[in-house]
Amino acid sequence: MPAPEIGPGELLIRVEASGICGTDVLQWYRRDKTPLILGHEIAGEIAGVGEGLTQYRKGQRVSASHHVPCGRCNYCLRGRETVCPTLRKTHFDPGGFAEFLRLPQINVELGGVYPLPDNLSYEEATFIEPLACVLRGQRLAGLSKGKSVLVMGCGISGMLHIQLARLKGASFIAACDIVDYRLKQAKLRGADAAIDAQKEDLPGRFRQLNRGKAADLVIIATGAKAAHIQALETVECGGCVLFFAATDEGVTIPLSINNVFWRNEITLTSSYAAAPKEHLKALELLSRRKIAVKELITHRFGLAKIQEGFRLVAQAQDSLKVIVEPQK
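Under the numbering used here, the first residue of the sequence shown is numbered 458, with each subsequent residue one higher.
Keep in mind that the hints are not guaranteed to be accurate.
To be verified - Using 16 Å as the maximum straight-line C-alpha spacing, the simulated EDC-like pairs for lysine to aspartate or glutamate come out as follows:
{"hint": "1", "residue 1": "Lys641", "residue 2": "Asp653"}
{"hint": "2", "residue 1": "Lys515", "residue 2": "Glu502"}
{"hint": "3", "residue 1": "Lys762", "residue 2": "Glu782"}
{"hint": "4", "residue 1": "Lys785", "residue 2": "Glu502"}
Said to hold, decoys possible - DEER-style ranges, computed between Cβ atoms:
{"hint": "5", "residue 1": "Asn715", "residue 2": "Lys751", "range": "42 to 52 Å"}
{"hint": "6", "residue 1": "Asp653", "residue 2": "His548", "range": "18 to 28 Å"}
{"hint": "7", "residue 1": "Lys515", "residue 2": "Ala683", "range": "42 to 52 Å"}
{"hint": "8", "residue 1": "Arg768", "residue 2": "Lys734", "range": "28 to 38 Å"}
{"hint": "9", "residue 1": "Gln764", "residue 2": "Lys670", "range": "43 to 53 Å"}
{"hint": "10", "residue 1": "Lys734", "residue 2": "Gly516", "range": "18 to 28 Å"}
Just so you know, the hints here were simulated from the structure itself, not pulled from any lab data. From the three backbone atoms N, C-alpha and C, an ideal C-beta is built for every residue, glycine too.
With the hints as extra help, turn the sequences into a complete structure.
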């Protein structure tokens, strides 16, 4: 398809790498595919600079946010940028799974462009957005040094949660999944233990491994309904459950008000997307090699074979990060 035309204050990005996210897969199978073009974990170089922009140049390597908050509304001023109405309305044109995309003026003005250092590849830069989301989630959940953590779901978000929890000094990290390949990968990425949630009694096994204690923080990085129920059975009194992943529409779970809130003082919290400040922190961690992501990339496809990439991510078996390379 032809490259989008840009106006004043806008940027044209030549997309070099774009990651397939689980939310892309949800939209792919829930909505008509045309004229929908997905992709928000992008990195590339500036191919065109709109009138009035002096801080950017052609050929500059960048990543960008598809969502940006206004920074002025009541939500933003309270640190809840990801529920800002502006953030929910901003987007790329057309999307990261294209050779070129237009970055609207509002995205540029509100801090949604991130120049890349020379030591960070385009592929690695596609992890800025998912890592930013993980940073926000763990901050809202109050993860700190010495806490025990259960990460439910060993996809890309789960792997990043494991690494960040380790970096923050978690005392014990267990990961659970139902796919053997992903459980093995979780151990390689820093989990102290990997538990098969189908074959083992998850709450009992976690306590056995964690000196009889449940988890101070449970991170739900899967949309499986069973995981949400197990999370409430595995969190410690006074602990927190972070609802991090999206589910299918209409999913509900039974909840005992007395057992969860009144008697056990459990906190339930959620996190959606990330603000520019988290993107900048993610970029810093990646460029300083505090979070390792190269080993998480298992597949690469050009646009002609993007459907195969979506199939791999949807199956969630022997793959982790699938990268689309629009220029190949």
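Checked hints:
no., hint, result
1, Lys641 / Asp653, "11 Å, holds"
2, Lys515 / Glu502, "7 Å, holds"
3, Lys762 / Glu782, "10 Å, holds"
4, Lys785 / Glu502, "15 Å, holds"
5, Asn715 / Lys751: 42 to 52 Å, "47 Å, holds"
6, Asp653 / His548: 18 to 28 Å, "38 Å, violated"
7, Lys515 / Ala683: 42 to 52 Å, "50 Å, holds"
8, Arg768 / Lys734: 28 to 38 Å, "35 Å, holds"
9, Gln764 / Lys670: 43 to 53 Å, "45 Å, holds"
10, Lys734 / Gly516: 18 to 28 Å, "27 Å, holds"
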